[in-house]
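Peer 1: Letter by letter, the chains look like this.
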Amino acid sequence: MKLLAPIYRSAALSAMAALCFTTASVSYADELAPINIVINQSPWLDGFAGLVRRYETETGNKVTLDVNPYAGSLEKQRNAVRSDQSEYDILIVNGIFYPEMYHGGFLEPLKNIDPDFKLDPQIYTYDDTVCFDAVNKTVNCETGDLLTIPVNPNITLMFYRKDLYEQNGLKIPETWDELIANAKALHNPPEMIGMMQRSARATISITWDYWPYLISHGGSLFRDEGNGDFFITINSPEAREALETYVAISKEVGPENPASMEQGDLIQYLVTGRAAHAVLPAAAQSQMDDPNKSIVPGKIGYMTIPHAPGYASAPALGHWLGGIPKNIPEDHKVAALAFLDWFQKPETQIAYAELGGSPVSAAAYESDFADKPENRYMLTMRSASPMARRLWTIPEGSEIVAVLEVGLNRVVAGEISVVDALNGMAAEIEKIMVDAGYDVGRLPDLAN
Amino acid sequence: MANFRGRGSARYFSILPAFLFLALLSALPLFNLFALSFAEVSWSGGQSTWTWVGLNNYLALGSDALFKAGILNTVILVGVATTAQVTIGLMLALACSRVGRRSRIYRTLFLLPILIPGIIIGAIWRLMYNYQFGVVNQIIDLVGLGPVDWLGSSSLALMSVIIVDIWHWTPFSFLLLLAAVEALPRDVSEAAQIDGASKWTEFRRISLPLLWPAIFTTFVFRAIIAFKVFDEVYLLTGGGPGTATEVISFTIYQRFFTQDNPGYGSAMSVTVIFIIAAVIAVAMTRQRSRSQ
Chain A
1 MKLLAPIYRS AALSAMAALC FTTASVSYAD ELAPINIVIN QSPWLDGFAG LVRRYETETG
61 NKVTLDVNPY AGSLEKQRNA VRSDQSEYDI LIVNGIFYPE MYHGGFLEPL KNIDPDFKLD
121 PQIYTYDDTV CFDAVNKTVN CETGDLLTIP VNPNITLMFY RKDLYEQNGL KIPETWDELI
181 ANAKALHNPP EMIGMMQRSA RATISITWDY WPYLISHGGS LFRDEGNGDF FITINSPEAR
241 EALETYVAIS KEVGPENPAS MEQGDLIQYL VTGRAAHAVL PAAAQSQMDD PNKSIVPGKI
301 GYMTIPHAPG YASAPALGHW LGGIPKNIPE DHKVAALAFL DWFQKPETQI AYAELGGSPV
361 SAAAYESDFA DKPENRYMLT MRSASPMARR LWTIPEGSEI VAVLEVGLNR VVAGEISVVD
421 ALNGMAAEIE KIMVDAGYDV GRLPDLAN
Chain B
1 MANFRGRGSA RYFSILPAFL FLALLSALPL FNLFALSFAE VSWSGGQSTW TWVGLNNYLA
61 LGSDALFKAG ILNTVILVGV ATTAQVTIGL MLALACSRVG RRSRIYRTLF LLPILIPGII
121 IGAIWRLMYN YQFGVVNQII DLVGLGPVDW LGSSSLALMS VIIVDIWHWT PFSFLLLLAA
181 VEALPRDVSE AAQIDGASKW TEFRRISLPL LWPAIFTTFV FRAIIAFKVF DEVYLLTGGG
241 PGTATEVISF TIYQRFFTQD NPGYGSAMSV TVIFIIAAVI AVAMTRQRSR SQ
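Which chain is which? The protein sequence lines are A and B, in order. Numbers 1 to 448, taken from our numbering, label the letters of the first sequence in order. Numbers 1 to 292, taken from our numbering, label the letters of the second sequence in order.
Since the hints were made in silico from the structure, they are not lab data. All figures in this text were calculated on a predicted structure; none of them were measured in a lab. Just so you know, not all the hints are guaranteed correct.
[Claimed, not checked] For the chain A half of the interface with chain B, some residues (derived, Cβ under 7 Å), not all of them:
#, residue
1, Glu31
2, Arg201
3, Thr203
4, Asn257
5, Ala259
We put the CB at the ideal spot given by N, CA and C, even for glycine.
Only chain B is shown next, with the shape it has when bound in the complex (with noise of 0.2 Å):
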C-alpha cells in the first residue's frame, strides 16, 4: 500500500480506464454535438452528408423566434418554479424535522410526487385542468367562479405549467435540505433560546445563514434540472398557446427532430449547455467569494 501511495504515475495508470470509460460516454458525444453544430446534414441515396456551414447555425439564432421565447419562458419557469420550491422545501424541512418519530409518515407523503413517472403525471394534470369536466374546475366552480382554462389560455398556461413543476419537484428540495437541517447543531439553538431569542430571531439569526450553503446549493441543482424541463411541456400544452409555454427544450427537440435539423438543434443545444455553464460558473463563484 505504502508503495502504491509512492509511485504516482501507477496511479494516474490505475484511474486510466475509469477515465477513458467515461470520456467515451460524456465527452465524446459532447464533441460530436459541438462538431454537428457547425454542419447541416442530409441523407440521400441512404447515405449521411456533412456540409460545413461554418457560425451560420449559431447566427441563425438570433433571429430564431422559438428560440427567444422558448429562452424567456424557460428563465421565468425556472426563477418562479425553483424559488418555491425551495421556499416550499424549506418550510416542509423545518415542519418535518420538529414532529418527531412521526415524520416518517410525512416524509413518505411529500416525497410521492418525485416517485411518479412524468408521463403519469402529465395524465393526471391534463384531466385535472380539464376545461370541462377536470377537478380544477370543478373545485372553484363550487364557489361561484366560472370554468377556467388553464391549459388552453396564453395569460394561463405557463403558470399552469410552474405549479405542475413545483408539485413535482419540491420533494427534490424537501429531501436535500430535511438533511441539512436535522445536522445542524441543536447546542447553538438552544444556547439562542437560553438567551432569550424567539423562534424567529433564532431562525434568521442562526438556522437560516447556518442553512444558507444547503440551501444555495439546492437552489443550483434544482435551477439545473429546471432549464432541462421537457415532459411537463410536451404532454400538458405542446408548447402552446402559440408560444407561450414553448420552453427551450421542446425547442430544441422540436427543430433537432421534428425538422429533422440536427445541424441547427446542435447549435442551439450547444448554447443551452454554454448558458447553464455560465450560469453554475457565476453563481459558484459568488458562492464562493461569499463563503470567503
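Bound conformation, chain A alone (with noise of 0.2 Å):
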C-alpha cells in the first residue's frame, strides 16, 4: 500500500489539476463566447488578421474571419442581419453600406450591450460616421447613438515616385493642375504612366476615385444632406468642371484602357515601375516597400488629393466600420463588443500598424512609430484624415452608386459625353430619391 501511496498521489493532483483546468477552461467560455467576424478581401486584411491571431493569443478568446469578396461580403452581411440570428457575431460594413445597417436598425447600439463602454477618445469618428441618430436619421454622434467602432480609414492618399519628383526637380502638386502638369512631364508610355485613377465600372471604383474631384471643385450629390436637403445637385457646372478634369486627366497622363484599370492594375503598374501617381486606399502602402512584391522599395511617397483652386482637397471616405448585430445571442454580444474595446485601444492600434494595417487612432498616427522613413504615409494621413468627406449617409446610397458607376464608366470608356452623363445620372438618381419617398428635385439639364 505505502508502495501505491505515490501513486495514489499523483493520481490525486493530476485529477485535482484537470478540475482545475477543466473549471477555468469552463468560466472562461462562460465570460467570451467564441466569435465570428465577416469581413472582405482588401489590401489591409492582413494587417487585421494578424492583430486577431495577437487577441487570440493574450486572451484566448476564438476569433473566425470569414473572408470574401467586396460583394460578397455584402451579401453575407445582409442575409445575417435579416435572418432570425445572425452567424456573425461582427460585421465590417463598408463607408458605402453602413447607412441601410444603421437606418434598417440592425446593429445593437454599444451601450446597450456595457453601459460602461466608451469610444477612446484617439479614435477618429469620420465624420460621426459611427453615430446614428434614428430619431432624426442622421450620423451624429452628438444626439445619436455609438453603433460602431471603425476598423480601418482607408482614406484615398496620392501616391507618387518621389524618387523621379526628386530627379525631375518637381514640387508637391496643391491643384489638379499642378498634378497634370507633373504627370505630362512623367509621362512615357507605354514603360512610364504619368497617371493612375481607377474607372473601371464595380460595386464602387470609379465613384470613389471621383469624388474627390466633385468635392474639391465645390461639387455635391445633394445640395445639403447634412441638413436633409436631397436636392440633386450632380448635374452642377461645378460637377461638369470636376468629370471633365477627371476625364483630361485620363486621356491625356493615363493608360490606354483606363476603362478598365480596378485597384489592382493601379497596385500592379506601381510596384512595377510603370506609375508615376496613382490615387488609391493608403492601406495599398503595405505593398510598395516590401521587396518581394514592389521593384520600387522606398521610392513610393504619399501626398494628400489635389482640389481646384479655392476649394480643400477632399480625399473619399470609404473606411470601414465593426457593428454587432442586434440578432445574436447576449454572449456573443459581450464578446463581441470585448474584442471592438480590445481593438480601439491605443497600444492595440500601434500594434495594428506595426502589421500593416491602418489604424484608426490618432495614437498610432502620433506615435514614434509614424515618423519612421518606412512609415511615411502616417504623415500623410495625420494632415488627410481630418479632411477626408464621407459619401452619402442614406440606404438609397447601394442604387446610387449603381447608376455613377454605370454613368462614370461610360464616359470614361468614351460611349457617352460629360453632360449627357450627369444630366442622365441626375435624373436616375432622382427617380430613386422620389420612389424611396423622398420630395426631391434636381437641378435643370446642362447644356451641351
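Combine both chains into one complex, guided by the hints.
Peer 2: Below, the structure written as C-alpha cells:
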C-alpha cells in the first residue's frame, strides 16, 4: 500500500489539476464566447488578421474570420441581419453600405451591451459615421447612439514616385492643374504612365475616385445632405468641371485603357515601376516597400489629394466600421464588444500599424512609429484624415452608386459625353429618391 | 402488375410524392419570384415589409438603360456564340467520327474546356487577354501588331467575351452532335457513294438533313444556356467598359443583390423567363411543323 501511495498522490494531484483546468476553461468560455467576423478581402486584411491572432493569443478567445470578396461580404451581412439569428457577431461594414445597416435598425447600440462602454478619445469618428441618431435619421455623435467602431480609415491618398520628383525637380502639387503638369512631365507610355486612376465599373470603384474631384471643385451629390436637403446637384457646373478634369487626366496622362483599370491594376503599375502617380487607399502602402512585391521599395511617396483653386482637398472616405448585429445571443454580443474594446486601445492601434494595417486612432499616427521613414504614409494620413469626406448617409446609396458607376465609366469609355452622363445620372438618382419617398428635385439639365 | 396497370388512380397516387417534391423545389420558388415582382421589399427593425406596387416594376423596365443594353448584348452573344459553337461542334464531330480508334484521344481533348470551372476559365482568359503581358498580345506582337486592349475597349470587349464563351461551350455542342453523327445509318451514305455522289453532295443531301433534328436541339439547348451567361462576364469585364458587355443575368444580379432591389430584380427575372419560354415555344412549333 505504501508503495502505491505516491501513485495515488500523483493521480489525485493530476485529477485536481485537470479539474482546475476544466473549471477554468468552463468559466472562461462562459465569459467570452467564440466570435465570427465577416470581412472583405482588402489590402489591409493581413494587418487585421494579424491583430486577430494577437487577440487570440492574449485572451484565449476564439475569433473566426470569414473573408469574402467585396460584394460577397455585403450579401452575407445583409442575409445575416435579416435572418432570425445572425451567424456573424461582428460585421465589418463598408463606408458606402453602413447607412442601410443604421437605418434598418440592424445594429446594437454599443452602450446597450455595456452601459459603461466608451469610444477611446483618440479614435477618429470619421465625420461622425460611427453614430446614428435614429430619431432624426442622421449620423451625429452628439445626438445619436454609438453603433460602430472604425476598423480601417481607407482614405484615398495620392501615391507618387518621389525619386522621380527629386530627379526632375518637381514640387508636390496643390491643385489638379499642377498635378496634370507634373504627370505630363513624367508621362512616357508604355514605360511610364503619368497618372493612374481606377475607372472600371464595379460595386464601387470609379465613384470613389471621382468623389475627391467632385467635392474639391465645389460640387456635391445633394444640395445639403447633412441638413436633410436631398435636392440633386450632381449635374451642376462644378460637377461638370470636376468630371472634365477627371476625364482629361485619364486621356492625357493615363493608360491606353483607363476604363478597365481596377485597384489591383493600379497597384500592379506602381510596384512594377510603370506609374508616376496613382490614387489608392492608404492601406495599399503595405505593398509598396515590400521587396517581394515591389521593384520600387522606398521610392513611393504619399501626398494629399489635389484640389481646384479656392477649395480644400477632399480625400474620399471609404472606411470600414465594425458593428454588432442585434440578432445574436447576449453572450456573443459581450464577446464581440470585448474584441472591439481591445481593438480600439492605443497600444492595439500601434500594433495594428506595425502589422501593416491602417490604424483608426490618433495614438498610432502621433506615435514614434509614424515618424520612421518606412511609415511615411502615416504623416500624410495625419494631415489627410481631418479633410476626408464621407459619401452619403442614406440607405438608397446602394442604388445611387450603381447609377454613378455605370454613368462615370461610360464617360471614360467614350460611350457618352460628360454632359449627357451628368444629366442622365441626375435623372436616375432623382427617380430613386422619389421612389423611396423623398420630396426632391434636381438642377435643370446642363447644356452641351 | 396487371392489376396495377388497370387501376389508373393508383398510378396517379403513386407519382404524387414525386410531383409534390418537384413542385416544392421548382414551382414554389418561381411562384415566390412572380409574387415578389409585384412588390417592393424593405427591411426595418429586423422585419421585412412587402409593399404592393402593381405593375410598376414591369413598367420601369422600359426606361432602364442597363436592362436594354443587357438584352441587346445577350441576344448578340447568344446568336453569335451559339451559331459558332454548333458549327464548330459539328465540324469536330464529323472529323472525330472518321478517325477510328484514335478518336478517344481527340474526344478527351475537345471536352477539356467544359470540365474547367468558370472561375478558373475567367482567371485564365483574363491573364491571356491582359493588355501588358497577356499571351494573346505577345503573339500578335510577334507579327508586328501593337497590343490590343481586348477587355478594356468598348468595341472589342463583347467579342472577347464571346470568344471565351465559344471556347468554353463548343464541347457541349460537340458531345451532342457526335452522338448524332455516330448514329447516322451507314448504308444510306454508302449507297449514295456507290451512286457516284461526292463527299460534299453526300453530306449536304443525306447527312445534314438526317442530322438536322440533332443540330436544332443542340442549338436550342445551347442558346438557353448561353442566355444565362454570367460567370464569364462577371470575371472578365464586370459588364464594362461602359455597358459594352452588360448581359441580362449580370443586370439582374446587380439590381437584385448589389442594389438590394428584389422586387424590381424579380420583375426582370420573370420577364427574361418569359422571353426564353417564348423563344423555345416558337422554335419548337416551327420545328414540329417542319418535321410534319
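Peer 1: Find the hints from earlier in the document that the structure breaks and name them by number, from lowest to highest.
Peer 2: Hint 1 is the one this structure does not satisfy, whereas the remaining hints hold.
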